[in-house]
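**Student:** Okay, here's what each chain looks like letter by letter:
4 protein chains.
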Amino acid sequence: MTAEPDPSPSPAPAPPPRATDFSTARLEAFSDGVFAIAITLLVLDLNVPEPDALDGQSLRHALAHQWPAYFAYLVSFLVIGIIWINHHAMCALARRVDRRTLFANLFLLLTVSVIPFPTRLLATYLTAGHGDSHTAAAIYAATMVAMGLAFSLLFLAFTRDARNLHAPIPPEALRSAMRRFGIGGLCYTATIALAYISPVAMLATHALLAVYYCFDQLAPARARA
Amino acid sequence: MTAEPDPSPSPAPAPPPRATDFSTARLEAFSDGVFAIAITLLVLDLNVPEPDALDGQSLRHALAHQWPAYFAYLVSFLVIGIIWINHHAMCALARRVDRRTLFANLFLLLTVSVIPFPTRLLATYLTAGHGDSHTAAAIYAATMVAMGLAFSLLFLAFTRDARNLHAPIPPEALRSAMRRFGIGGLCYTATIALAYISPVAMLATHALLAVYYCFDQLAPARARA
Amino acid sequence: MTAEPDPSPSPAPAPPPRATDFSTARLEAFSDGVFAIAITLLVLDLNVPEPDALDGQSLRHALAHQWPAYFAYLVSFLVIGIIWINHHAMCALARRVDRRTLFANLFLLLTVSVIPFPTRLLATYLTAGHGDSHTAAAIYAATMVAMGLAFSLLFLAFTRDARNLHAPIPPEALRSAMRRFGIGGLCYTATIALAYISPVAMLATHALLAVYYCFDQLAPARARA
Amino acid sequence: MTAEPDPSPSPAPAPPPRATDFSTARLEAFSDGVFAIAITLLVLDLNVPEPDALDGQSLRHALAHQWPAYFAYLVSFLVIGIIWINHHAMCALARRVDRRTLFANLFLLLTVSVIPFPTRLLATYLTAGHGDSHTAAAIYAATMVAMGLAFSLLFLAFTRDARNLHAPIPPEALRSAMRRFGIGGLCYTATIALAYISPVAMLATHALLAVYYCFDQLAPARARA
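Residue numbers (this note's numbering), protein chains in the order written: chain A, 428 to 652; chain B, 428 to 652; chain C, 428 to 652; chain D, 428 to 652.
It cannot be assumed that every hint is accurate.
Just the calculated beta-carbon pair ranges, DEER-fashion [claimed, not checked]:
1) B:491 with C:627: 40 to 50 Å
2) D:595 with A:599: 38 to 48 Å
3) D:602 with A:599: 43 to 53 Å
4) A:635 with C:527: 40 to 50 Å
5) B:487 with A:599: 38 to 48 Å
6) C:616 with B:501: 44 to 54 Å
7) C:477 with B:494: 12 to 22 Å
8) B:597 with C:602: 42 to 52 Å
9) D:557 with C:484: 39 to 49 Å
10) C:594 with A:639: 50 to 60 Å
Footprint (simulated), chain A over chain B, 3 or more residues, beta carbon under 8 Å [said to hold, decoys possible]:
11) 456 to 462
12) 483 to 493
Calculated from the structure, these hints are not laboratory results.
Quick reminder that beta carbons are idealized off the backbone N, C-alpha and C, glycines included.
Just chain A, same shape as in the assembly (with noise of 0.2 Å):
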């Protein structure tokens, strides 16, 4: 942004752009733009009851009977809160995206921004017993398996061609990377199996591996390079 000279030594001269290479800025602002509305539209799914359908209870007890919907709420915001957060990391690793990058990002704003949906199936049925809230627990979790198979594809899209990165990352960090990737996927998709013993259990796993992945499972990467 500065015309000052860049004292960072450049690793590789950058190679002159492609016809089909685009830059990372508007990749960025369309993403930024899904992730925000799809976060911001969880909240029309806190449902305020109607008055005339409290029949005689009080609106605090109303409210309280709805606390899957809050759980979920929460839970469905810090992950997508989360993957903005490392897609911004992610980005920051590229200095340009081709086009089959763009179309990893796409997968990956169709996973997030269909997440309302599932969101919106578990705080209806996580305490509907029978089968039930295991169906609505399972579609949960497999959209967050997608998600996470979508971050991993995307992740492979930025790195495949080092020309369009900031730096070459190291071969032991993709590796690193990757092994990261797969460990979080198998979690991801033992929390299907999990949906059909305790949907609640699912949730609050979820909510602790979003905890887990703020701890930057990019840092190594972007560390070395």
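Given chain A, work out where chains B, C and D should sit, using these hints.
**Tutor:** Just chains B, C and D, lined up with the frame of chain A:
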């Protein structure tokens, strides 16, 4: 963005900006916002079945019964996503936009931001039988025709004045782009007829057309430029 | 954005920034977000008729019956789009904004972001007969009066301190702009009266006024600057 | 942004960026998105009375009867708008943000994006009588307490490491800012008690507090910096 001399030879000296010219930055920011919101609002039409309305059916069955909603959601998401990528590519050609382009862009945004309505219509009536599924499908297809038309008009507005572009587009590249827009427009229009034969086939065709458009009809123009 | 010396002579040395000044970048980003969301939320009020509520009517008839909703949607879309374009042009005059301008901008955003409400009101009551269609139309027209007033106030806030502008605006250009705002404001106010005669004519007038405003009432000020 | 030498003396040499640092640009873009969406979603809770539910009442009366919804809409719009302006001012202090600040910012965005829920709650129950209006008002006030707390935490995160700022903030300015946050926090907390006496007075107090906050509690810190 950097102080290093730009090695790419500028094909023509930039004319002084006129009073009615704008940078592309804010056009892109506003468009990205509308694209991002339209693509994310689609999720509001994935309905969660009310527990009281299940009528003894399992949630799994009730959700499976909504497959037209998922199908329409996916196709509309893909269409908006592809249009965003192509909009992105088109804006990269221009160094500034005139007021005519702003209005052409507003017309494109109108056709994009209305997409949640025909999507919801189709999700509700795709399997309705009678003539209603045909009506819903024809309206969906007509929206796509309008969007394709708006995109072509925007391309014309962008490229009309070569001084607004980073580099002039050779006439044969322009003709090739217009020919491809024409063919795309004919295909889109044909899906209105298809809507009266098979609404499901109409929707599947739009999924295929979106994939066709993803193979970058703007690439030749940009490659030669 | 580039390190090349800027050939355009700066009309006056830029004063040092004061502690309460801001760049226009984030004002534009936030405003673009609100404009983009308000214009896209309008689609949520295009209702899909429930299959059970068709009462033997065809979908085609039920949709045609909703013409006031499409008409109101189109006019409100056009109004917000034009205001965005003019906001864009106005921001291009300034090199920074003070806190007073931020508040004037917030007032404009209030009048813009509320537009989906009178639009929905008018869509529901345009053909209601009785006095209710007049009430709905008058509220719609009054919202437009408030928006025009907010836009004029914002113009005053932007141009109040010439040091915040890229170039001073000649007094006669300012007077001309204010005269045009005044005429526009009178026309807008007259549509409140028109709402009590013919709500449909009121809405058509706003479509025409939007087209009038699209012929850039800011062009003279910018051309001289 | 320009190549001209910056005349303001840099108070300290910028340390090299660490692997966990980010520019403020994308934090601002994402936050602007969430602020813009939350402030615009408020309009979805201004209900249009169903024509069939008027019961012979005029639309004018039915709309006037909804005054708590307009009042709550205006106060929440003002609160989010002011918070955006102050967020804007706070970000202008920093040249980069660390991961801790990203999380503090996410917490602020949580409290901002949830505001449409207590707003809707208050609009529905402000005049409900019984204890329910007190419950709704207390939840509204508690949301504002959480938002004020989140803003104070974000200020601490932003200013914790002086190397992340454009210029260090003198200790007495920091202490003054924290004192003002503390007084604001006490006032906010007191409105929870007020909610149990008069929900309308609670809402009016938040309108006044928003106006108080608009007189830039950050100005002293920024003026000295």
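**Student:** Return the numbers of the hints above that this structure violates; sort them in rising order.
**Tutor:** Violated hints: none at all, because every hint is consistent with the structure.
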